[in-house]
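*Asks:* Since the structure of chain A is provided, determine the placement of chain B on it from the hints.
There are 2 protein chains.
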Amino acid sequence: MDILVVGSVALDTVETPFGKIVEGLGGSATHFSTSASFFTTPHLVGVVGEDFPETHVDFLKSRKIDLAGLQKKPGRTFRWSGRYSFDLNSAETLDTQLNVFQHFFPELPASYRGKEIVFLANIDPELQSRVIDQCEKPKWIALDTMNFWIQGKKEALAKTLKRVNALFINEGEARQLTGESNLIKAAKKIREQGPATVVIKRGEYGALLFHENQIFSAPALPLEDVKDPTGAGDSFAGGFIGHIARTNDLGFENLKKACILGSVMASFIVEEFSLDRFRRLTQNEIELRYAEFRRLTHFETYPF
Amino acid sequence: MDILVVGSVALDTVETPFGKIVEGLGGSATHFSTSASFFTTPHLVGVVGEDFPETHVDFLKSRKIDLAGLQKKPGRTFRWSGRYSFDLNSAETLDTQLNVFQHFFPELPASYRGKEIVFLANIDPELQSRVIDQCEKPKWIALDTMNFWIQGKKEALAKTLKRVNALFINEGEARQLTGESNLIKAAKKIREQGPATVVIKRGEYGALLFHENQIFSAPALPLEDVKDPTGAGDSFAGGFIGHIARTNDLGFENLKKACILGSVMASFIVEEFSLDRFRRLTQNEIELRYAEFRRLTHFETYPF
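These protein sequence lines are chains A and B, in that order. In this text, residue positions in the first sequence follow the working numbering: the first is 2, and each later residue adds one. In this text, residue positions in the second sequence follow the working numbering: the first is 2, and each later residue adds one.
Bound conformation, chain A alone (with noise of 0.2 Å):
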């Protein structure tokens, strides 16, 4: 199955400990899509500006990604700009320029109403019901969301993911949004809201999968270049929900392997700045890394 996302289309300028790239291709529905087109055909809804370079709009093409959602207003395309520290941990936002992206309503193609794969990206919850309303038979819907929509649009949220399948979230913000410390509690309450379906982001410790009463932990491969960790969380969602298209089966066993494809592709995506890993991405690397995360985490039965 094809999958519809909805997000940001950005110009990035990121700074890191390892270089700086000045207004490089970014944003979330950018990051899901080129990597979930390694898995299945996304449908992005989106916006830019009259600025945003045609060579951007070309590379998505390539990845054969449909930008028939991707709507062109006037005025300039969304701009961040943030420096990581030494640990890569969190970035610090130097500076955002919403632009287009201020005014952005979700408009669904025809084309697109019938998809029954949904990611919203993070963006305004009550944007991402909007969405919602627009799809005519969705299957499984995920979110993702961020802690100034936990703080400001706290009702809008939760209505929200009263209607969504699965929700993507880091860590800190699982703890914010349940105000529980504990990681299995806080899935649990996130669960009784609404998502049958919970992954807990960890950046370099990996991810958490909550799935009914079943727990999945999936590790960050262990890099010695990391160059730049934008766009991470939203690649390791493509890897995750691109399997999930492909495969079209929601079970548990399934669900791991897309936790781990998640972190395959994550665990590319930091490896250069901006998307410039996927360009030169093959199906094989992402089969043999995916080897590489079996070698990193499993281990004989018990041993006596």
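Quick caveat, the hints were computed from the structure, so don't treat them as lab data. Note that the structure is predicted; figures quoted are calculated from it, not measured. Treat the hints with care, since some could be wrong.
[As the list claims (entries may be wrong)] Mimicking DSBU-like on lysine-lysine, the simulated pairs with C-alpha atoms at most 30 Å apart in a straight line are: (1) A/Lys-189 / B/Lys-21; (2) B/Lys-163 / B/Lys-186; (3) A/Lys-21 / B/Lys-190; (4) B/Lys-21 / A/Lys-186; (5) A/Lys-21 / B/Lys-189; (6) A/Lys-190 / B/Lys-21; (7) B/Lys-65 / B/Lys-140; (8) A/Lys-189 / A/Lys-138; (9) A/Lys-21 / B/Lys-186.
[As the list claims (entries may be wrong)] Chain A side only, calculated, beta carbon under 7 Å to chain B, not exhaustive: (10) Phe-87; (11) Glu-225; (12) Lys-258; (13) Glu-288; (14) Tyr-291; (15) His-299; (16) Pro-304.
Just so you know, even glycine gets a beta-carbon here, dropped at the ideal spot from N, CA and C.
*Replies:* Positioned in the frame of chain A, the structure of chain B alone reads:
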């Protein structure tokens, strides 16, 4: 094979959001030996004062721990008092009374000197070296240390490191010891200084095992109720090294199992205060939890 262990025997007063224990049985050698006693026979070197309760001695004996090397000196037993905040990740030390531990000199009884597997728990690196001097045919020596010695006894620690086969260290301390924020680079630097095997402990995120050019990632078991994290690191080392001693196999596949058994023992000790969980732990529970770690981490081969 048996294990020789040198470290502290203490009376711990611990407060967490979930309760408090006053002068409970504690100390690195105590946690390590009790944990290891589920796998092999530990021979303990340590010191207590005249006030050390006989019930604690009886408990250690009931676990078949050899106490021939436990010195009893005039004065009071080492006491530590600490408090854990809500997230349970780090203890605030409220009081430390070294008492008889201040002038502790580890002397190995004749019956201990031929032991081949040695664990040097977190004590002064000079004393750790004096223990190695007394070992007649050490085959595999593992060392634990902490920020206090990394900062205050850098050279002595470097000398001791050269003489050991494995280092057990916290994530933050690995970074402090090497000046590397990246853990792969940190582990490489440590391995260049001596130990072929490096185990980096990451608390609620589990542990990373580095051995030759291979890496293994063990998760911590997500637990809904952690009562008292004191001794988790030493209990981890006890399960890890207990398994190594029992199997006498230093191959990577066996080190992985050791790492999981360490995680299993750590997951038990934090469920209750002091050593209480180990008092009623059974081999069957260890086996079941080992299987739980497999379910938590294992996934099928590449999907397509």
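*Asks:* If a hint holds in the structure, say so; if it does not, say that too.
*Replies:* The hints, checked one at a time:
1. A/Lys-189 / B/Lys-21: 27 Å, holds
2. B/Lys-163 / B/Lys-186: 18 Å, holds
3. A/Lys-21 / B/Lys-190: Answer holds: A/Lys-21 to B/Lys-190 is near 27 Å, not above 30 Å.
4. B/Lys-21 / A/Lys-186: Cα-Cα ~22 Å, so holds.
5. A/Lys-21 / B/Lys-189: 27 Å, holds
6. A/Lys-190 / B/Lys-21: 28 Å, holds
7. B/Lys-65 / B/Lys-140: 23 Å, holds
8. A/Lys-189 / A/Lys-138: 27 Å, holds
9. A/Lys-21 / B/Lys-186: With a Cα-Cα distance of about 22 Å, the restraint between A/Lys-21 and B/Lys-186 holds, given a limit of 30 Å.
10. Phe-87: 6 Å, holds
11. Glu-225: 5 Å, holds
12. Lys-258: Hint holds; A/Lys-258 Cβ to chain B Cβ min 5 Å, cut 7 Å.
13. Glu-288: With a minimum Cβ separation of about 5 Å from chain B (threshold 7 Å), the hint on A/Glu-288 holds.
14. Tyr-291: It holds, given that the least Cβ distance between A/Tyr-291 and chain B is near 5 Å, below 7 Å.
15. His-299: With a closest approach of 6 Å, the A/His-299 hint holds.
16. Pro-304: Holds: closest Cβ of chain B sits about 5 Å from A/Pro-304, inside 7 Å.
Hint violations for this structure: none, all hints satisfied.
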